[in-house]
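K.L.:
I would like the entire structure built from these sequences, with the hints used as guidance.
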Amino acid sequence: MSGWEPNQLKAAYSRRPFSRPGPEQPLPGDLTGASVHTTMWLQVAGLYTDPDSCRGRCHEPYNKQDECHCNTKCEKHRNCCEDYHTHCSKERFSSSHDSITNEELLSISEQLYKVDHNKAQQSDITINPQHLASSAETRDKEDHSPEPLYTYVNEKLFSKPTYASFIKLLDNYQRMTGRGEAFSAEQLKEQGNFLQEVMKTELMKKLYNFLHKKKRYSTQEEFVSDLKEMWFGLYSRGKDEGDSSGFEHVFAGEVKKGKVSGFHNWIRFYLLEKQGLVDYHSHNYDGPWASYPDVLGMQFSWDGYFKEVGSAFIGCSPEFEFGLYTLCFIARPGKTCRLSLGGHQLGIQTYTWTKSTYGNDRKYIATAYVTSS
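Numbering-wise (the UniProt record's numbering), the sequence shown opens with residue 1 and increments by one.
What the hints contain is simulated information worked out from the structure, not anything from laboratory work.
Careful, some of the hints might be misleading.
To be verified - Derived DSSO-like pairs: lysine-lysine, alpha-carbon spacing no greater than 30 angstroms straight-line: (1) Lys160 x Lys189; (2) Lys257 x Lys73; (3) Lys114 x Lys335; (4) Lys119 x Lys64; (5) Lys76 x Lys257; (6) Lys214 x Lys335; (7) Lys256 x Lys239; (8) Lys119 x Lys200; (9) Lys64 x Lys239; (10) Lys215 x Lys228; (11) Lys355 x Lys73; (12) Lys228 x Lys160; (13) Lys257 x Lys119; (14) Lys228 x Lys213; (15) Lys213 x Lys76; (16) Lys205 x Lys73; (17) Lys335 x Lys200; (18) Lys215 x Lys200; (19) Lys335 x Lys76; (20) Lys213 x Lys73; (21) Lys335 x Lys206; (22) Lys257 x Lys335; (23) Lys114 x Lys156; (24) Lys205 x Lys189; (25) Lys114 x Lys214; (26) Lys76 x Lys228; (27) Lys335 x Lys256; (28) Lys64 x Lys257; (29) Lys160 x Lys200; (30) Lys355 x Lys228; (31) Lys156 x Lys206; (32) Lys228 x Lys206; (33) Lys76 x Lys156; (34) Lys114 x Lys160.
Stated by the list, open to error - Simulated restraints, written as ranges between beta carbons of each label pair: (35) Gly347 x Pro129: 19 to 25 angstroms; (36) Pro288 x Ser218: 35 to 41 angstroms; (37) Ser107 x Gln275: 38 to 44 angstroms; (38) Asp52 x Thr336: 16 to 22 angstroms; (39) Ser107 x Asp143: 40 to 46 angstroms; (40) Glu67 x Glu222: 40 to 46 angstroms.
This one's a predicted model, so the numbers in the text were calculated from it and none came from an experiment.
Glycine is no exception: its CB is placed at the ideal position from the N, C-alpha and C atoms.
P.N.:
Here it is, written out as structure tokens:
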């Protein structure tokens, strides 16, 4: 039995649906009795694999019934199984030029870092991190810092087109999950305006050119259309249809089950802190960067709702954060994506929304945030 133990066969048999031979796939006519039984079990051993794994499935034809995919286009559509790279990448990428290697991620992220022309200068922002929290203190909900996080922000930054169009989006959402979102024509126009403005920047043009070279997109129009769906397309985290999106979760923030969810943007934080709606408690991580953008891991409350650990870039432009998260979601969906900024490495963790899709089975962004490792 090719080294398969009975319990292995039983497990394999239970993993994936098996179609009994029909007219188009008859059993050989000279196989009867025990030999047929043995042949069937040998087929089982070869055919039954985990529906959420690429083990033994590399390059198989697309089947919309599969939970995830292992064909050569799954990366473009972001519907690969989580172990796709483990089982298929070496086999595929040895003769392909459209893979995105770890080295290329380090290189392109440094390039994007260098062309973030709209980032804050050192004199534009003054922060006061105050209390450095221990791991135990991140959960205690105590306000260990009497002063606001932001001492000064040069708000002339916010008149720049990408900042201005970004800020207009922030009040378009209901923060409570379970309440369906409904956008007016003006709000939908604001989404388009933001994408239009960021695509004018050298940073986003460079990102598109990189992804185009890697055959993720054929045209800039295709790229922008996909950005709108992956970031602004609605899905359901709660009971109501269409109560969330990647953009709302990551940049505007949400409240789910009495806790702050998402909310990883420094501009949003500053504006709400200025209004007295956000109360900074402490930080548990301060990045090594001596200039902006920097990274801070922090604890805070938003109108009474607590965020235990929320990481954010500080002082970057909207297009920088939007671009890095997009890069990592496309290159390493559902995984930690290793980048380099100014010679310092960091991680971006993304997750895909698995309960609904758009287009050709493409996945929405569930979340994206910066990590220290």
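K.L.:
Decide, hint by hint, whether the structure agrees.
P.N.:
Hints versus structure:
no., hint, in the structure
1, Lys160 x Lys189, "holds (18 angstroms)"
2, Lys257 x Lys73, "violated (37 angstroms)"
3, Lys114 x Lys335, "holds (25 angstroms)"
4, Lys119 x Lys64, "violated (43 angstroms)"
5, Lys76 x Lys257, "violated (34 angstroms)"
6, Lys214 x Lys335, "holds (19 angstroms)"
7, Lys256 x Lys239, "holds (12 angstroms)"
8, Lys119 x Lys200, "holds (15 angstroms)"
9, Lys64 x Lys239, "holds (26 angstroms)"
10, Lys215 x Lys228, "holds (19 angstroms)"
11, Lys355 x Lys73, "holds (20 angstroms)"
12, Lys228 x Lys160, "holds (21 angstroms)"
13, Lys257 x Lys119, "violated (35 angstroms)"
14, Lys228 x Lys213, "holds (21 angstroms)"
15, Lys213 x Lys76, "holds (12 angstroms)"
16, Lys205 x Lys73, "holds (23 angstroms)"
17, Lys335 x Lys200, "holds (29 angstroms)"
18, Lys215 x Lys200, "holds (21 angstroms)"
19, Lys335 x Lys76, "holds (16 angstroms)"
20, Lys213 x Lys73, "holds (15 angstroms)"
21, Lys335 x Lys206, "holds (23 angstroms)"
22, Lys257 x Lys335, "holds (25 angstroms)"
23, Lys114 x Lys156, "holds (21 angstroms)"
24, Lys205 x Lys189, "holds (21 angstroms)"
25, Lys114 x Lys214, "holds (21 angstroms)"
26, Lys76 x Lys228, "holds (16 angstroms)"
27, Lys335 x Lys256, "holds (23 angstroms)"
28, Lys64 x Lys257, "violated (33 angstroms)"
29, Lys160 x Lys200, "holds (12 angstroms)"
30, Lys355 x Lys228, "holds (19 angstroms)"
31, Lys156 x Lys206, "holds (26 angstroms)"
32, Lys228 x Lys206, "holds (18 angstroms)"
33, Lys76 x Lys156, "violated (39 angstroms)"
34, Lys114 x Lys160, "holds (18 angstroms)"
35, Gly347 x Pro129: 19 to 25 angstroms, "holds (21 angstroms)"
36, Pro288 x Ser218: 35 to 41 angstroms, "holds (39 angstroms)"
37, Ser107 x Gln275: 38 to 44 angstroms, "holds (40 angstroms)"
38, Asp52 x Thr336: 16 to 22 angstroms, "holds (19 angstroms)"
39, Ser107 x Asp143: 40 to 46 angstroms, "holds (42 angstroms)"
40, Glu67 x Glu222: 40 to 46 angstroms, "violated (26 angstroms)"
The structure shown violates the earlier hints numbered 2, 4, 5, 13, 28, 33 and 40.
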